[in-house]
Amino acid sequence: GAGVSQTPSNKVTEKGKYVELRCDPISGHTALYWYRQSLGQGPEFLIYFQGTGAADDSGLPNDRFFAVRPEGSVSTLKIQRTERGDSAVYLCASSLSSGIPYEQYFGPGTRLTVT
Amino acid sequence: ILNVEQSPQSLHVQEGDSTNFTCSFPSSNFYALHWYRWETAKSPEALFVMTLNGDEKKKGRISATLNTKEGYSYLYIKGSQPEDSATYLCARDGSGNTGKLIFGQGTTLQVKP
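Chains A and B, in that order, give the protein sequences.
Going by our numbering, the first residue of the first sequence is number 1, and it counts up by one from there.
Going by our numbering, the first residue of the second sequence is number 1001, and it counts up by one from there.
Incorrect hints may have been included.
What the hints assert, rightly or not - Below, computed lysine-lysine pairings styled on DSS-like, alpha-carbon distance capped at 30 Å:
no.	chain 1	residue 1	chain 2	residue 2
1	A	Lys78	A	Lys17
2	A	Lys17	B	Lys1042
3	A	Lys11	B	Lys1069
What the hints assert, rightly or not - Interface residues of chain B toward chain A, partial, derived using beta-carbon atoms under 8 Å:
no.	residue
4	Thr1051
5	Gly1054
6	Gln1105
7	Gly1106
Claimed, not checked - Now the in silico label distances, taken between C-beta atoms and shown as ranges:
no.	chain 1	residue 1	chain 2	residue 2	range
8	B	Asp1055	A	Gln41	18 to 28 Å
9	B	Glu1005	A	Glu103	21 to 31 Å
10	B	Pro1113	A	Asn62	27 to 37 Å
11	A	Lys15	B	Asn1067	19 to 29 Å
12	A	Pro70	B	Glu1015	47 to 57 Å
13	B	Pro1008	A	Ser5	41 to 51 Å
14	B	Gln1110	A	Thr13	26 to 36 Å
15	B	Thr1040	A	Glu14	22 to 32 Å
16	B	Tyr1076	A	Ser97	26 to 36 Å
17	B	Pro1113	A	Leu96	32 to 42 Å
18	A	Thr113	B	Lys1058	33 to 43 Å
19	A	Asn62	B	Glu1015	44 to 54 Å
20	A	Glu14	B	Asp1055	47 to 57 Å
21	B	Gln1110	A	Thr113	36 to 46 Å
Hint data in this document are derived by calculation from the structure and do not stem from the laboratory.
For clarity, every value in this text was computed on a predicted model and none was experimentally measured.
Using N, Cα and C, we set each Cβ at its ideal position, and we do this for glycine too.
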């Protein structure tokens, strides 16, 4: 079956611009996660959705970052006034649910470069 | 903050060698430990999810063990092949039951033919 997809695969933007990153989870997966991987580090948690609601957004670095999942499926991560430090690979993952340690299935990521 | 540490940071081995990596994590309030393999330009692939102290899991030539009391997990690869070249990530559930993962920085394995 189809896995988690993310678009675009690469995004180059200028400092100060707004960007949107899209994640299509596996059909039927109610839990959706966003992570960010900076060079030389492991992925870092950003936000977690259970259904349509953000159950935990404690990893969002500041108020320039926002994510939505209006219909409980596709999610969009939005970054306002991008900074060079936002350059990273943004990963999306989905799982059947939470509460039990289900495997998280990851997408291939979006590589964001802020120039 | 639950720091997850992996060692070594990188590893170069010859084809046919067996190898192992370490993941260490705070043992308090443990819920689950995940191992992933991440090949360049691909999605991270789940290898194992482990929950019980003493767990041992195996998938082909790859196996993992878990010690929740002392806070470590080992990943073993028997008879490494060039296609095993990847970054291996471990992650701990950070908050009990939400699936929020706290990752280590990864171990990058290069297997030379």
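>> Hints numbered earlier in the text: which of these fail when held up against the supplied structure?
In response: 3, 5, 10, 11, 13 and 21
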